[in-house]
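Protein sequences appear in the order of chains Y and S.
Our numbering applies: residue -5 is where the first sequence begins, and numbers increase by one.
Our numbering applies: residue 12 is where the second sequence begins, and numbers increase by one.
One or more of the hints may lead you astray.
Unchecked claim - Okay, derived cross-link-like pairs now, EDC-like style, lysine to aspartate or glutamate, Cα gap no bigger than 20 Å in a straight line:
#1 K100/Y with D73/S
#2 K422/Y with D439/Y
#3 K392/S with E190/Y
#4 K392/S with E461/S
#5 K53/S with E157/S
#6 K501/S with D73/S
#7 K96/Y with E461/S
#8 K438/Y with E95/Y
#9 K100/Y with D20/Y
#10 K397/Y with E290/Y
#11 K460/S with E95/Y
#12 K483/Y with E190/Y
#13 K48/S with E157/S
#14 K392/S with D20/Y
#15 K174/S with E123/S
Since the hints were derived computationally from the structure, they do not count as laboratory data.
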Amino acid sequence: MIDHILTLLIFFPALAAMLGFVVTKDSMRAYGIAVAFIEFVLSLWLWYAYDPMISGMQFMESMPLIPAFGINYLLGVDGISLFIIILSTFFTLIGIASLTEKRRIKDLIITLLFLEMTMVGVFAALDAIVFYVFWELSLVPMLYIIGAWGGPLRIYASIKFFLYTFTGSLVMLVGMLFMAYFYYQATGQWSFSILEWYRLILPENFQLWLFAAFFLGFAIKVPMFPFHTWLPYAHGQAPTIGSVILAAILLKMGTYAFVRFSLPLFPDASVFFMFPIAIIAIIMIIYTAMVAYAQEDIKQVVAYSSVSHMGVIILGTFALNVEGVSGSVFLMLAHGVVSGALFLLVGVIYDRRHTKLMSEFGGLASVMPRYATIFGIMMMASVGLPLTINFVGEFLSLLGFYKQSHMLTLTAGVAIIVGAIYMLSAYKKAFFGPVTNEANRHLKDVNRTELLGLIPLVIVAIWLGVYPKPVLEPINNSVESVIQLMHDKAQSPEAKERIPDLSGKNGIISMKEAN
Amino acid sequence: MLEPIHVSLASLNLATLAPMLIAIVGALGILVIDMVKGGLNKTLYVMVSLLFLLLDLGALVDFAGVFIKNGTVLGFFDVMLMDGIAILSQIIIVVGSMLFIPLALTSKRFHEYNYPEYFALFLFMIAGFQFMVATDNLILIFVGLETASLALYTLIALHNRSKSFEAAVKYFTMGALAAGFYAFGSMILYAISGSVEINQIATILAEDHYRNIGFVLLAMAFMIAAFGFKLSMVPFHTWTPDVYEGSSAALAGYMSIVPKIAAFVVAMRLFEFLVHSGIVWLQVILYIGVVVTMTASNIWALVQTDVKRMLAYSSISHAGFVMSAILIGTTQANTGLFLYWALFSFTNLGAFTMLWVNRQKNLLPGQSSDHPYEKFSGMIKTMPMGAVMMGLFMLSLAGIPPFGLFWGKMYMIGAAVSAGYTVLALIMALNSAIAGYYYLKLIVFMFMKEPRVGYEKYYFMNASLSLRTIIGLAAVGTIFAVFAVNPLLKVITLFVYNSGY
Chain Y
-5 MIDHILTLLI FFPALAAMLG FVVTKDSMRA YGIAVAFIEF VLSLWLWYAY
45 DPMISGMQFM ESMPLIPAFG INYLLGVDGI SLFIIILSTF FTLIGIASLT
95 EKRRIKDLII TLLFLEMTMV GVFAALDAIV FYVFWELSLV PMLYIIGAWG
145 GPLRIYASIK FFLYTFTGSL VMLVGMLFMA YFYYQATGQW SFSILEWYRL
195 ILPENFQLWL FAAFFLGFAI KVPMFPFHTW LPYAHGQAPT IGSVILAAIL
245 LKMGTYAFVR FSLPLFPDAS VFFMFPIAII AIIMIIYTAM VAYAQEDIKQ
295 VVAYSSVSHM GVIILGTFAL NVEGVSGSVF LMLAHGVVSG ALFLLVGVIY
345 DRRHTKLMSE FGGLASVMPR YATIFGIMMM ASVGLPLTIN FVGEFLSLLG
395 FYKQSHMLTL TAGVAIIVGA IYMLSAYKKA FFGPVTNEAN RHLKDVNRTE
445 LLGLIPLVIV AIWLGVYPKP VLEPINNSVE SVIQLMHDKA QSPEAKERIP
495 DLSGKNGIIS MKEAN
Chain S
12 MLEPIHVSLA SLNLATLAPM LIAIVGALGI LVIDMVKGGL NKTLYVMVSL
62 LFLLLDLGAL VDFAGVFIKN GTVLGFFDVM LMDGIAILSQ IIIVVGSMLF
112 IPLALTSKRF HEYNYPEYFA LFLFMIAGFQ FMVATDNLIL IFVGLETASL
162 ALYTLIALHN RSKSFEAAVK YFTMGALAAG FYAFGSMILY AISGSVEINQ
212 IATILAEDHY RNIGFVLLAM AFMIAAFGFK LSMVPFHTWT PDVYEGSSAA
262 LAGYMSIVPK IAAFVVAMRL FEFLVHSGIV WLQVILYIGV VVTMTASNIW
312 ALVQTDVKRM LAYSSISHAG FVMSAILIGT TQANTGLFLY WALFSFTNLG
362 AFTMLWVNRQ KNLLPGQSSD HPYEKFSGMI KTMPMGAVMM GLFMLSLAGI
412 PPFGLFWGKM YMIGAAVSAG YTVLALIMAL NSAIAGYYYL KLIVFMFMKE
462 PRVGYEKYYF MNASLSLRTI IGLAAVGTIF AVFAVNPLLK VITLFVYNSG
512 Y
């Protein structure tokens, strides 16, 4: 069974979703939790069976799908995708467990299980078309979640979300077809296997165009400035569960794809675009932090802060060295845990007061001490306090980029610190001071169900902040092989220089050795 | 003294006529049955039509076997031409017809199906399309085209609505104009080459290096206008939405698939040698035509308030998309054309059948057309299965993987990419994005709006077991298309390549 564990991981939730149609409405939540739990255990089993010493792909599965056009059902995981898969199953479980939605709960859980299939599929796919299939398919359940359970502007928000991402990915599809065509020209055979594509060395001008085509698809998904405008709407209108999944996992598809496609396929183009993208990332960090500061709605603060942190991930990715990329992959997980938790927390207060305006709150710390504590911890993690999960990722990302440019890194670092003001100020507005609003005086603190969802997140946020090694090491191993591949394929002298050569590991402090 | 003409029967190779003759015999048979005993039920006629179509298909499959072994078969003074694309397109035509004819088995009584002539005309029409694709003789193409078109005009008019008469008259007048253009075009081609056979015209024109280029271009202008009408390419598309709206949903769905594939095949035979001859002007015109057809119809589809009209415009856009195969002209593109059309048939069959099953006999108060978007509001709550099916077909039409049409789209864009048409590939991709909006609009209505009270009973009012079966079939075809793509590609590539395209 371990040979087909990835197929199992992908299709088990979908199958369970189909069977879910016959489950009665009352027992649907229990059914959903059971399925998500089994899926989560399966993903832990994947981690258990994963050999962290191997840097390449593991649990590979291959089956011809459309051999006439070089499309195979090709799956595999490495250290980079392994933990994002676990993050996906983890958040689906937490999301379903802490569901407070009353309307059409059955449809919602079935949709979430389908969404889980597409998420795991994206991160396990090694064939570009299979990747694309899951990538696109993930839009459909998300569209439904926002459009059917969202706020008053939900239809506008869901259509905007769908069309933005759909358009970007179609351009990416053209890029993929070009890659396959170049492969065909080079070898006489069509192939969409990413691993086969890694072997191709493309002329630099082709790389630039292809990089741009892929970039559009990924950047909209991340979302990078200036393609981020769909995100505040989507978050603002989505129900809690939608925001949690969107922030924790769906956005990671974009950043993951940068590591999986853009860097190893187009090393020269990556170096060429490194500084422009870094500048966009810094704009993202500063600009969205400023916008977050101006928000009155606490959920929008979290949404913009989440975009801001995605900027750090991008910065780390385009450091193009082991520290930066490992840091960014780790930060993807961290950001997932922290922003997912923050959206859950906003959901808790929204359930009680049906408003998200900070002006409505104030002094919550005295009414809801447990809630305030958890929120406080997560907020500290979000601003990157040492010993929390975000710190590790942010530190490594910045360290990585520091090797490429001191000035930009310093700017980014300062921006992150200054940007954290909005979080502290939002926290102050909502939690401290006297209770001014009568409606808040008798709010119930977090209950047991809610704690069930939140406590694991707090544990993970602190555990991996203190001791990141079990996760960081496998990531690091796989990232090293990506960087090495990039170095070997790079043609321009600048790229050769910017991307470290790890073959001798001279002068490079590897995480593994440091530990 | 004139020598008596001896023609051996064997040299005529009459078997090449067999598939069309089966359809014609079927049509005559239906007329005879009605003559002998009138007032029989439509179920009988549907089944008789299906049986003859099945025989027709059998003959075609037989030819497919012969083609694989011996290559192209000529017959009847070399007028009939059974090459790979003729066989493939006939198979699509016959299978498409077999899927659409049972749509007559509705639970409501629609009066056109009470006429046995309806089914006879249907079979005559199919024979016409078959003649059209199984020849490269301009005259026989004309005969086939007109046979089919005349039958189709009548079929539309049989739908007893004032809009249907308008549609039939509109289609007829436009069609007559197109026929005129076609005749002019053929005349000029004959005048400059002395032949009415496309391959001979191609050879002769190539031999004298397109000396009469002015006349060639004039002929092509007429031909583009003629096929522009048939394929509803912009700006010759104006009849399409009105005719689709006036016809029953079943026939509208049929028109979006079968007549188009026949026209595609003729366009392929006619234009491709010219595209390959390097006449830049023709390429530019085709390029513009393809892009404008794809884009403009997409934009018009955005603003429609009726689902059927939206589907009409969307099918124009799909036709434009597929026309690019003729512009690109590689084997991969031509293979893509057939693959796309096969997958499109299944999805569109499903979409139009869904419209057909929720067609009520009379318009409801306050409703100006049969299928306004509002009618589908909140369908997920009142009729979840129906909403899921319709949503599925919309996703497939929008090109969301892994549903049917995505693979066709991908293969077509892939063909554009590998032939160096990068800009075209991008335009195709962006058009899919625009199209996403109007397909999504229906999904939004079905899944996200509140249901309209009292509308539940209309969703499946026209459904019978056979219609539900067809929807199920279309859904299975759409969902599992990925497994059909590889075998389809193999067969289609073999047939297209061996026909020299």
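Each hint tested on the structure:
1. K100/Y with D73/S: Outside the cut-off at roughly 51 Å; violated.
2. K422/Y with D439/Y: 18 Å, holds
3. K392/S with E190/Y: 47 Å, violated
4. K392/S with E461/S: 8 Å, holds
5. K53/S with E157/S: Violated, at roughly 27 Å.
6. K501/S with D73/S: 18 Å, holds
7. K96/Y with E461/S: Status holds; Cα separation ~17 Å.
8. K438/Y with E95/Y: At roughly 18 Å apart (the allowed maximum being 20 Å), E95/Y and K438/Y satisfy the hint.
9. K100/Y with D20/Y: 9 Å, holds
10. K397/Y with E290/Y: Given pair K397/Y, E290/Y is violated - Cα atoms ~38 Å apart, limit 20 Å.
11. K460/S with E95/Y: Distance ~18 Å between K460/S and E95/Y Cα, so the pair holds.
12. K483/Y with E190/Y: With a Cα-Cα distance of about 13 Å, the restraint between K483/Y and E190/Y holds, given a limit of 20 Å.
13. K48/S with E157/S: 31 Å, violated
14. K392/S with D20/Y: 18 Å, holds
15. K174/S with E123/S: Given that 20 Å is the threshold and the Cα spacing comes to 15 Å, the pair holds.
Violated hints, listed in ascending order, are 1, 3, 5, 10, 13; each of the other numbered hints is respected by the structure.
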